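S.K.: According to this note's numbering, the sequence shown is numbered sequentially starting from 3.
Because the hints were derived from the structure by calculation, they are not lab data.
A portion of the hints provided could be inaccurate.
Pairs of lysine-lysine, PhoX-like flavour, derived with a Cα cap of 25 Å [unchecked claim]:
no.	residue 1	residue 2
1	Lys134	Lys214
2	Lys21	Lys98
3	Lys126	Lys261
4	Lys134	Lys98
5	Lys214	Lys126
6	Lys21	Lys214
7	Lys266	Lys114
8	Lys21	Lys126
9	Lys214	Lys114
10	Lys98	Lys266
11	Lys98	Lys114
12	Lys103	Lys21
13	Lys114	Lys126
Label-pair distances were calculated between CB atoms; the ranges are [as the list claims (entries may be wrong)]:
no.	residue 1	residue 2	range
14	Leu310	Phe20	37 to 47 Å
15	Lys261	Ala342	24 to 34 Å
16	Met86	Leu306	47 to 57 Å
17	Tyr263	Phe79	43 to 53 Å
Being a predicted model, the structure only gives us computed values, none of them experimental.
The C-beta atom is built at its ideal place from N, Cα and C for all residues, glycine as well.
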Amino acid sequence: MYWLPISILFTIFAIFSFKIAFEHHAGRQPGKTIINDISLGLIFQWCAILFPFMYLNRETSQAWQDFFFLISDLVIFSFIGFLMVFIISEHVKARKDPARKTRRGYEAFLEKRNNMFRDDPDMKIRMDTNRKFLHLIPVGVIWLAAIIALLMRPILPIGLTSEGLGLFLIVLVGYAFCTMFMIAEILRLLQGSRFFHLDPEWAHRWFLSSLKDSEQHSFISSIPIVLCLMPFVFAPAMIFITVANVASLSDAAASLFGKRYGKKKLRLNKDKTWIGLIAGGLVSFFSVFITGIIVPMEGIGRNLPVILIMSVGASGVFICIDVFARHIGDNFLNPLLCGAYLILVYAFIA
3 MYWLPISILF TIFAIFSFKI AFEHHAGRQP GKTIINDISL GLIFQWCAIL
53 FPFMYLNRET SQAWQDFFFL ISDLVIFSFI GFLMVFIISE HVKARKDPAR
103 KTRRGYEAFL EKRNNMFRDD PDMKIRMDTN RKFLHLIPVG VIWLAAIIAL
153 LMRPILPIGL TSEGLGLFLI VLVGYAFCTM FMIAEILRLL QGSRFFHLDP
203 EWAHRWFLSS LKDSEQHSFI SSIPIVLCLM PFVFAPAMIF ITVANVASLS
253 DAAASLFGKR YGKKKLRLNK DKTWIGLIAG GLVSFFSVFI TGIIVPMEGI
303 GRNLPVILIM SVGASGVFIC IDVFARHIGD NFLNPLLCGA YLILVYAFIA
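Take the sequences, apply the hints, and build the full model.
M.R.: And the structure:
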């Protein structure tokens, strides 16, 4: 039952997601942001349900599974305790100096942010570049965890495999990341942002450098790009890594090339450009193809025709999402739909 605290925590996050979604959109025409916010609540709940089963079928003994859950509890709730120190400190400072609450409030923050955009025309491009580099972190964590696990394989004790260790590191970092940033988001958005002044300074800087206009009263996209990877830890390693690559690398390529070099807009989606679409599609293709060669799947191996089918299909799914997705963010759709396609192909062929 060591898994229970984190499952409960993510269920609480799901409830807060739904509450904030309806608080901020009550009486308005439902649009993209409310669908994204509700989707975030659903994926939080899904990750809460999946968490107890994360390490099954990895040839990891029950004792090691319990140990992983216990370490996860200690790390994540230590993060929460660490954040609470800063939050309580800010609360005490605001009680002593009421003007501080106004200075660090959300209205003052948005005014500062909007002034930055008005005074620096290139700020939006730099902000988008920073956001996309942040999106590369999940891919880096996954590859780093895999390398660490492989290097430790010769010295691992009985009952623990390198696959189980690598998965533990990935899940721990992913759940800890979502916990830390979700708490910052709750303070930013709950009850008309009245608690934003309690957010630590690092959270203010993070929001200042990455908050888009459409996200001023909605959840930022950094959390779903991590959460939507978690259901695929049960898939073969090639599919899990590929989904992470498409969600991070392809999206970053499409955005960066589109913003910097894109001139011609798509007729069906005026927010997208042809150069961005082509860049994202090509990166998707090569991400799947190269990963399929480096990390062969059981039952398929390095079967080039199958890998090509997966590569072309995943690229096509990415392009369709970029062109047609209007009412839900691509940070949800890219990993979920590309991953679903790859699993269907694998199930049909293997």
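S.K.: Determine which of the earlier numbered hints do not hold for this structure and return their numbers in increasing order.
M.R.: 2, 4, 7, 8 and 10
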